[in-house]
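Student: Residues per chain are reported as follows:
There are 2 protein chains.
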Amino acid sequence: MSNPIPENPDYIEYIESHKDEYEKDLFELLSIPSISSQTIHEADVARTAQWICDRLTSMNLDAQIVETTGHPAVFAQTKNPNPDLPTILFYGHYDVQPVDPLNLWKTPPFEPVINDGFIYARGASDDKGQMFTHILGPEAWYKTTGSMPVNVKYILEGDEESGGDAMDTFVRNNADLLACDCVVISDSQMFAPGRPAICYGLRGLAYVEVIYKGPNKDLHSGTFGGAITNPANALCKAIAGVHDDKYNVTFPGFYADVENIQLAEQERLAGLGIDETEFLASAGVTDSVGESGYTITERHWARPTFDVNGIISGYTGEGSKTVLPAVASAKMSCRLVPYQDPEKIVESIRQYFQDACPPGITMEFIVHSYTPAVIVDVNNPFVKAAAKTLEKAFGRSPEFTRDGGSIPIVSAFTEALNSPVLLLGWGQITDNIHSPNERFCLADFHRGIKASAILLKQLAGIEPKSAGKE
Amino acid sequence: MSNPIPENPDYIEYIESHKDEYEKDLFELLSIPSISSQTIHEADVARTAQWICDRLTSMNLDAQIVETTGHPAVFAQTKNPNPDLPTILFYGHYDVQPVDPLNLWKTPPFEPVINDGFIYARGASDDKGQMFTHILGPEAWYKTTGSMPVNVKYILEGDEESGGDAMDTFVRNNADLLACDCVVISDSQMFAPGRPAICYGLRGLAYVEVIYKGPNKDLHSGTFGGAITNPANALCKAIAGVHDDKYNVTFPGFYADVENIQLAEQERLAGLGIDETEFLASAGVTDSVGESGYTITERHWARPTFDVNGIISGYTGEGSKTVLPAVASAKMSCRLVPYQDPEKIVESIRQYFQDACPPGITMEFIVHSYTPAVIVDVNNPFVKAAAKTLEKAFGRSPEFTRDGGSIPIVSAFTEALNSPVLLLGWGQITDNIHSPNERFCLADFHRGIKASAILLKQLAGIEPKSAGKE
Numbered sequence: 001m002s003n004p005i006p007e008n009p010d011y012i013e014y015i016e017s018h019k020d021e022y023e024k025d026l027f028e029l030l031s032i033p034s035i036s037s038q039t040i041h042e043a044d045v046a047r048t049a050q051w052i053c054d055r056l057t058s059m060n061l062d063a064q065i066v067e068t069t070g071h072p073a074v075f076a077q078t079k080n081p082n083p084d085l086p087t088i089l090f091y092g093h094y095d096v097q098p099v100d101p102l103n104l105w106k107t108p109p110f111e112p113v114i115n116d117g118f119i120y121a122r123g124a125s126d127d128k129g130q131m132f133t134h135i136l137g138p139e140a141w142y143k144t145t146g147s148m149p150v151n152v153k154y155i156l157e158g159d160e161e162s163g164g165d166a167m168d169t170f171v172r173n174n175a176d177l178l179a180c181d182c183v184v185i186s187d188s189q190m191f192a193p194g195r196p197a198i199c200y201g202l203r204g205l206a207y208v209e210v211i212y213k214g215p216n217k218d219l220h221s222g223t224f225g226g227a228i229t230n231p232a233n234a235l236c237k238a239i240a241g242v243h244d245d246k247y248n249v250t251f252p253g254f255y256a257d258v259e260n261i262q263l264a265e266q267e268r269l270a271g272l273g274i275d276e277t278e279f280l281a282s283a284g285v286t287d288s289v290g291e292s293g294y295t296i297t298e299r300h301w302a303r304p305t306f307d308v309n310g311i312i313s314g315y316t317g318e319g320s321k322t323v324l325p326a327v328a329s330a331k332m333s334c335r336l337v338p339y340q341d342p343e344k345i346v347e348s349i350r351q352y353f354q355d356a357c358p359p360g361i362t363m364e365f366i367v368h369s370y371t372p373a374v375i376v377d378v379n380n381p382f383v384k385a386a387a388k389t390l391e392k393a394f395g396r397s398p399e400f401t402r403d404g405g406s407i408p409i410v411s412a413f414t415e416a417l418n419s420p421v422l423l424l425g426w427g428q429i430t431d432n433i434h435s436p437n438e439r440f441c442l443a444d445f446h447r448g449i450k451a452s453a454i455l456l457k458q459l460a461g462i463e464p465k466s467a468g469k470e
Numbered sequence: 001m002s003n004p005i006p007e008n009p010d011y012i013e014y015i016e017s018h019k020d021e022y023e024k025d026l027f028e029l030l031s032i033p034s035i036s037s038q039t040i041h042e043a044d045v046a047r048t049a050q051w052i053c054d055r056l057t058s059m060n061l062d063a064q065i066v067e068t069t070g071h072p073a074v075f076a077q078t079k080n081p082n083p084d085l086p087t088i089l090f091y092g093h094y095d096v097q098p099v100d101p102l103n104l105w106k107t108p109p110f111e112p113v114i115n116d117g118f119i120y121a122r123g124a125s126d127d128k129g130q131m132f133t134h135i136l137g138p139e140a141w142y143k144t145t146g147s148m149p150v151n152v153k154y155i156l157e158g159d160e161e162s163g164g165d166a167m168d169t170f171v172r173n174n175a176d177l178l179a180c181d182c183v184v185i186s187d188s189q190m191f192a193p194g195r196p197a198i199c200y201g202l203r204g205l206a207y208v209e210v211i212y213k214g215p216n217k218d219l220h221s222g223t224f225g226g227a228i229t230n231p232a233n234a235l236c237k238a239i240a241g242v243h244d245d246k247y248n249v250t251f252p253g254f255y256a257d258v259e260n261i262q263l264a265e266q267e268r269l270a271g272l273g274i275d276e277t278e279f280l281a282s283a284g285v286t287d288s289v290g291e292s293g294y295t296i297t298e299r300h301w302a303r304p305t306f307d308v309n310g311i312i313s314g315y316t317g318e319g320s321k322t323v324l325p326a327v328a329s330a331k332m333s334c335r336l337v338p339y340q341d342p343e344k345i346v347e348s349i350r351q352y353f354q355d356a357c358p359p360g361i362t363m364e365f366i367v368h369s370y371t372p373a374v375i376v377d378v379n380n381p382f383v384k385a386a387a388k389t390l391e392k393a394f395g396r397s398p399e400f401t402r403d404g405g406s407i408p409i410v411s412a413f414t415e416a417l418n419s420p421v422l423l424l425g426w427g428q429i430t431d432n433i434h435s436p437n438e439r440f441c442l443a444d445f446h447r448g449i450k451a452s453a454i455l456l457k458q459l460a461g462i463e464p465k466s467a468g469k470e
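Note that the protein sequences, when read in sequence, are chains A and B. For the first sequence, my numbering assigns the number 1 to the initial residue and increments by one for each residue that follows. For the second sequence, my numbering assigns the number 1 to the initial residue and increments by one for each residue that follows.
Do not rely on the hints blindly, as some may be mistaken.
Note that the list lumps identical chains together, so a pair holds whenever it fits in one copy or between two copies.
Taking lysine-lysine pairs in the BS3-like style, the calculated list, with each CA pair at most 25 Å apart, reads [said to hold, decoys possible]:
1. LYS106 / LYS213
2. LYS106 / LYS217
3. LYS213 / LYS246
4. LYS217 / LYS344
5. LYS106 / LYS465
6. LYS79 / LYS384
7. LYS213 / LYS384
8. LYS388 / LYS19
Please keep in mind that the hints were generated in silico from the structure rather than gathered at the bench.
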């Protein structure tokens, strides 16, 4: 890839000459098992927050650990901000997903290694590695100029992977503290290796757990089979009914607020020239089923879904055991698209599974989390500045893409701060995020640092709004 | 309950006066964790076999540990048998079911305790406790008379709960060794507390495991959801399709060889006056669904079924994880009725789940075990002698019942030895076999010992067939 001409030799050269230190520091960050959904790792999560807070303090920022309803977060900001400069809020999360099935990892998830140009570790791509680039880019400005060309703020959380809404609550309760002209987030993927992207759409999420309770204990399947309602059979039947023959989701009102994909967007998505065979191959399959009438790209970027995330019932150990299970439970989630109301969807799911309970079964229903989808206006000056930045850092103008995943906090930012959100992903779809052997392209880590530094310069010229003092 | 007049004071009095020793010895037997389906307990299974072999040797029987394709079995027989006397083969199994979920046990499964007149321990009822009565009854004859009124043989196995066919193979390969005039088995339940039964029908079993494989790893359900076939959704859909709206099983040809329940049997079953509300209550439910057109009793005694015994896929740990699972697997079984061919059923199940695989899913199919159903002719002299025995030992004439469970070995006996099988269960339906807190009624343990001793006398007068030398 052609190396862009640096506009400010100092900070670019500084970045170029500190690659080894940057990798060493990232490894240190990745080695802390900050799994936010498992209480046993609570101290590790806190330790990670402190590590980051110390780093931001060393950049002459006013940094502190802030309490939330969940794990601690890190907040930092420019000391004595200049009201004539725009304020950029960097968001990221330092917590990671659980690591099971551990036996499928080729190297220990919290012992980072570099192999074939990739950094392998849990959190390398989602999101510690991407988040860290936005610490190192601005740091390069400070180390080389003693200042930064914009006012910066950081809010880095430890609850993103736990499905909690701690940061959502924090953002809505601290709109003044977080007030800014735009939010920058790198927690998504590039369009393809070497092809940067600006993601303008995210799907929402409604994640629930349904527990079907039958007999008061596991029963002998011979003595009782045929006479007693089997909760595992009942739950499978209920789950099966969620999709009709065309793979449409049957929850009442599920599509009521869904806007059909516009022709212009259909064409833009098609114009990306995505090789769907290659996409399927990246998941190790040669074929798939899904909602009829849509391309595979449309299905996972712009259409709502229903997936079982986990299910368990009865005897699942070695050998066989002839039991009729007492309980069956499933963790399930819907990915949502713009204008679907997560609360209405969750209630529709609850009602569906309640109605699907046959005689002899009672239901327990747990709502793990929900968040709406997000669409970003691609015509604001910050998006244009970001596009210019990516062209300089990656030597190629970005694609405009959507992402099937959810970043719950983004809707909180758009709603509470009324600021545009720049989703600048440095990851790749083959990064195995949420899977064994998560990885992050080493070159993109370094390009990301450079992009973050260049972005400050690109955004510096934009007129700030009266910073958040509404 | 009225105590029957003993015909032979000696052995009855001996039994009456040794209750404490019998309980102590049973506790010792129950304290060995002989879980045959878990390799970690292999030594415990072998130790149990030796314990039993020593006991039979002490009764002046020619006893030995015999190798099988699975765990060792115990074989014993009368030294120098009298050809003018019938030969009775006692069968039982000394292995037990796994104990999980362990946290639901009120007392440790392998530390027997007596509470409210019940012995609590894994194997108390299924089958160590029942099996042991047929050692103690004949032992009383030997201790009081120095001999027994019939020739006895014992074949006691350690593979019944592991779903293996080791004993089935052993029986078919050793028909001469096991040749006898009738087989006596106590591994089932009485009709009700204090109401003994002779069980003339057992259901068969076809136990398989289906593994649906999708992507080559757990995927991010946002990045991939909607685009990639979800193996958990696919498996649930396939399982749901096994039952139609009337709860009939849809495997092709499933009912082809099923004989409808005859009116006479319908009436006999109805005549038992079973309280189905009470039956459901024993499982902790107030209602249930099942094959339409049949009573609950008919459904679990005389009709074939399909039940999920266990299912697992994706993330089932604490909290939530947004994965699209790579694999989903289910252990499932059909209970079979007379004339259904287990091999044909297994093949039909395999074909069904293969056909149900959607694009993007491949199937792995494991056959854990299968065995045909059994029906015993209630008009042979051994059954009549057994009925008389039960009346004497329990003070009440037996009910003629069926059982929804399977005793795979029974079909091997009927086919290979061509001898009638007496299914004389001392257990109760509330014994929690295969469940936490398994138990066995203490009084029935002692009545069973008495019955076993009386049975020898009742059978003594029956003309032996030329013992097995066909």
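Student: Taking the hints in turn, state whether each one holds.
Tutor: Structure-based check of all given hints:
no.: 1; hint: LYS106 / LYS213; result: between (38 Å within a copy, 21 Å between copies)
no.: 2; hint: LYS106 / LYS217; result: between (39 Å within a copy, 13 Å between copies)
no.: 3; hint: LYS213 / LYS246; result: between (30 Å within a copy, 22 Å between copies)
no.: 4; hint: LYS217 / LYS344; result: neither (34 Å within a copy, 32 Å between copies)
no.: 5; hint: LYS106 / LYS465; result: neither (49 Å within a copy, 66 Å between copies)
no.: 6; hint: LYS79 / LYS384; result: neither (28 Å within a copy, 99 Å between copies)
no.: 7; hint: LYS213 / LYS384; result: neither (54 Å within a copy, 44 Å between copies)
no.: 8; hint: LYS388 / LYS19; result: within (24 Å within a copy, 92 Å between copies)
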